[in-house]
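2 protein chains.
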Amino acid sequence: MIYNLLHNIKNQDITYIPENRVTGRLSGHSPCTNWANPKNWPHRHHPIKNANSVGPKPRPAVFLLTFGKQQPQKQSDMNRICKLFGIRYPIIQGGMVWCSGWRLAAAVSQAGGLGLLGAGSMHPETLVEHIRKMKVATNRPWGVNVPLMYPEIDRLMDILIREEVKIVFTSAGSPKKFTPMLHEAGVTVAHVVSSSKFARKCEEAGVDAIVAEGFEAGGHNGREETTTLTLIPQVRRATGLPVVAAGGIGSGEAMLAAMALGAEGVQIGTLFALSAESSASEAFKQRCLALDEGGTMLCLKKLSPTRLVRNGLFDKVAEAEARGANSEELRDILGKAASKRGIFEGDTEQGELEIGQIASSVDAIRPAGDIVRQLVEDFRKAQKDVAAIDF
Amino acid sequence: MIYNLLHNIKNQDITYIPENRVTGRLSGHSPCTNWANPKNWPHRHHPIKNANSVGPKPRPAVFLLTFGKQQPQKQSDMNRICKLFGIRYPIIQGGMVWCSGWRLAAAVSQAGGLGLLGAGSMHPETLVEHIRKMKVATNRPWGVNVPLMYPEIDRLMDILIREEVKIVFTSAGSPKKFTPMLHEAGVTVAHVVSSSKFARKCEEAGVDAIVAEGFEAGGHNGREETTTLTLIPQVRRATGLPVVAAGGIGSGEAMLAAMALGAEGVQIGTLFALSAESSASEAFKQRCLALDEGGTMLCLKKLSPTRLVRNGLFDKVAEAEARGANSEELRDILGKAASKRGIFEGDTEQGELEIGQIASSVDAIRPAGDIVRQLVEDFRKAQKDVAAIDF
Chain A
425 MIYNLLHNIK
435 NQDITYIPEN
445 RVTGRLSGHS
455 PCTNWANPKN
465 WPHRHHPIKN
475 ANSVGPKPRP
485 AVFLLTFGKQ
495 QPQKQSDMNR
505 ICKLFGIRYP
515 IIQGGMVWCS
525 GWRLAAAVSQ
535 AGGLGLLGAG
545 SMHPETLVEH
555 IRKMKVATNR
565 PWGVNVPLMY
575 PEIDRLMDIL
585 IREEVKIVFT
595 SAGSPKKFTP
605 MLHEAGVTVA
615 HVVSSSKFAR
625 KCEEAGVDAI
635 VAEGFEAGGH
645 NGREETTTLT
655 LIPQVRRATG
665 LPVVAAGGIG
675 SGEAMLAAMA
685 LGAEGVQIGT
695 LFALSAESSA
705 SEAFKQRCLA
715 LDEGGTMLCL
725 KKLSPTRLVR
735 NGLFDKVAEA
745 EARGANSEEL
755 RDILGKAASK
765 RGIFEGDTEQ
775 GELEIGQIAS
785 SVDAIRPAGD
795 IVRQLVEDFR
805 KAQKDVAAID
815 F
Chain B
425 MIYNLLHNIK
435 NQDITYIPEN
445 RVTGRLSGHS
455 PCTNWANPKN
465 WPHRHHPIKN
475 ANSVGPKPRP
485 AVFLLTFGKQ
495 QPQKQSDMNR
505 ICKLFGIRYP
515 IIQGGMVWCS
525 GWRLAAAVSQ
535 AGGLGLLGAG
545 SMHPETLVEH
555 IRKMKVATNR
565 PWGVNVPLMY
575 PEIDRLMDIL
585 IREEVKIVFT
595 SAGSPKKFTP
605 MLHEAGVTVA
615 HVVSSSKFAR
625 KCEEAGVDAI
635 VAEGFEAGGH
645 NGREETTTLT
655 LIPQVRRATG
665 LPVVAAGGIG
675 SGEAMLAAMA
685 LGAEGVQIGT
695 LFALSAESSA
705 SEAFKQRCLA
715 LDEGGTMLCL
725 KKLSPTRLVR
735 NGLFDKVAEA
745 EARGANSEEL
755 RDILGKAASK
765 RGIFEGDTEQ
775 GELEIGQIAS
785 SVDAIRPAGD
795 IVRQLVEDFR
805 KAQKDVAAID
815 F
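Line by line, the protein sequences are chains A and B. For the first sequence, our numbering begins at 425 and goes up steadily by one. For the second sequence, our numbering begins at 425 and goes up steadily by one.
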């Protein structure tokens, strides 16, 4: 789900994500390389418009002076993901095709997480619109997810720099080429991987954080099929960079599990794809809510492994794969614009429905801000619960 | 890995697991239905022979009377897996074909976990031998893992009851038929599942605990490909029985992660398959130690989904599957006694090597007791680490 389907992009299957008219003025972010410094946060100068202004204040990443027995909290003790992105909670909303436009990303950032626009399903012009609306909708840090195999990638990068986007998550390609360029423009860069090997390459490329995504994640997926539980400790050992866990994280308890394994933050797709602010169709959301365990499956391994809902289209793919169909035939079965048809237009039987395995745990469409708050609350409770385990 | 390959059993590909001669007398366990009661532990009457007698004492599952501010620990607060099986740590060694004979199981039980004999790769006569040696080797609780599709299952059940085995883990079949019979004989029964649906069926069948095993586990595996991270919370919600997490658990941190998700214990296969006491061949162990991420893959989905090392045999299977080979052809490619050939005899290229995804994290062959101790130590450290997470 984190990057666009190439066959869609190639077919120019990219349109506007419909949204309400935004009347607020555009915010002119001043370039700031250190988001951990509250002085660099733009919120004093850019009042929130058209967005939920309720939300926790980002906690300044500075020494907290306390009295009595408590020790002052050193900056080095702080969660590195929060510090790197200047966010309150180490919760990142995955940039997903057809789901994460400005409304979802803004809601997550407003609630103290990191919202990401999913550039994968946007024409360059559409992306510009969403970026500008984001600047109006929130004064909190946010970013853009960019699949590096995007056909007009150079144009996209120019837009990100020109529009002074501060945080970019790259995926589906090598971070070597663009990371130095983005750094030069003061952008913080994270890259998504599915193995330790690529995590090491990310470190060589100089990225600032790594998202390690397991087999249970929705949409596009690694070839090695390593699950989040087995992947995170290995990526943790392979790199000194802060690691964000992705895939299968659908609760505060799972967030704690990921952090016990060595992640310093989580990237969550499925919960936010099925949130109120997600631009996915209602039909898609309802179909995903009704899923049971086993309702999604990794397929299309001869093209690019992708986790899909087992609907009519999936059945055709599975039947073809069982008899040894080649990649060309599989491409024909998918047809054009399959993920747009499924996720955005709501053709839940013949469209390509990308969602994570954890969808079978989701039972309601909720506002993204509530999801963030619930994650944090459940995480804190889980902290107490595991501390009390005794044997 | 938890149950035998049917094609092996059918071909009577079952032999002795070689072992040292045991000179100690056989222990005559008196039937005891409540292992939580220390009075029922047989160790006073049955001195340890031929086994490492060093190990933590099981903690009695009774009220602990303390003074001062501390509250007495209620029995209801105790870990239910420890209480149910009368063990010190909620760590269960998976009963694995060609790996878990009496020496491995005894070492785990001696260290405070629960050792399981893997009946799947044993002739009934061999199982009797191993049971009798277990009784001599340890006075701690232990059990037997039985795949319910074992061809001589009725004979096997008779043996378990006649030999007064106290704990049985069943798998690969319905627990409905045998659970009442085992209960009548005073046996504690756990059943292995890969979905909430089967967890509910286990509860209906009256089992005492559920092992929920995810996609990352070695050997035979569920059809729904649900990973441990996504499976455990769903099984937790589906049943009130104590849940044991299995699949991908290779460290104390992962053990804590599983327990944060709602498990009350863990079943560990891969680490113990690669331990000093495992009866697998040295060649198998070394091949598994050298695995990288992606070194195992779930295949044979047209037969029974099985996670195998990607060796020469796997390549043949994968090639056949890619061109749509049917189940008969796949069976021919495997040939007879494939897992015995691979795991036990050490044909690491043309044998069937069953091991979990987490093998790529294992870097040394260690005594099983050390593995248990390290798991507990790392679990306790992880408890402190996650309690200290602050954002």
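Hints are computed from structural coordinates only; laboratory data are not their basis. Do not rely on the hints blindly, as some may be mistaken.
If chains are identical, the list can't say which one is meant, so a pair holds when it fits in one copy or spans any two.
[As the list claims (entries may be wrong)] Within a straight-line C-alpha distance of at most 27 Å, the following computed DSSO-like cross-link-like pairs (lysine-lysine) qualify:
#1 K621 <-> K740
#2 K760 <-> K805
#3 K726 <-> K740
#4 K726 <-> K760
#5 K621 <-> K760
#6 K740 <-> K725
#7 K808 <-> K621
#8 K808 <-> K726
#9 K600 <-> K740
#10 K725 <-> K808
Okay, the hints, checked on the actual structure:
1. K621 <-> K740: Answer is between: at 26 Å across copies they meet the 27 Å cutoff, but 34 Å inside does not.
2. K760 <-> K805: neither (46 Å within a copy, 52 Å between copies)
3. K726 <-> K740: Both, since 15 Å and 17 Å are each at most 27 Å.
4. K726 <-> K760: Result: close within a single copy only, 17 Å intra versus 30 Å inter.
5. K621 <-> K760: neither (33 Å within a copy, 36 Å between copies)
6. K740 <-> K725: both (14 Å within a copy, 17 Å between copies)
7. K808 <-> K621: neither (35 Å within a copy, 30 Å between copies)
8. K808 <-> K726: Neither: 45 Å inside a copy, 45 Å across copies.
9. K600 <-> K740: neither (38 Å within a copy, 36 Å between copies)
10. K725 <-> K808: neither (41 Å within a copy, 41 Å between copies)
Checked against the numbered hints above, the structure violates hints 2, 5, 7, 8, 9 and 10; every other hint is satisfied.
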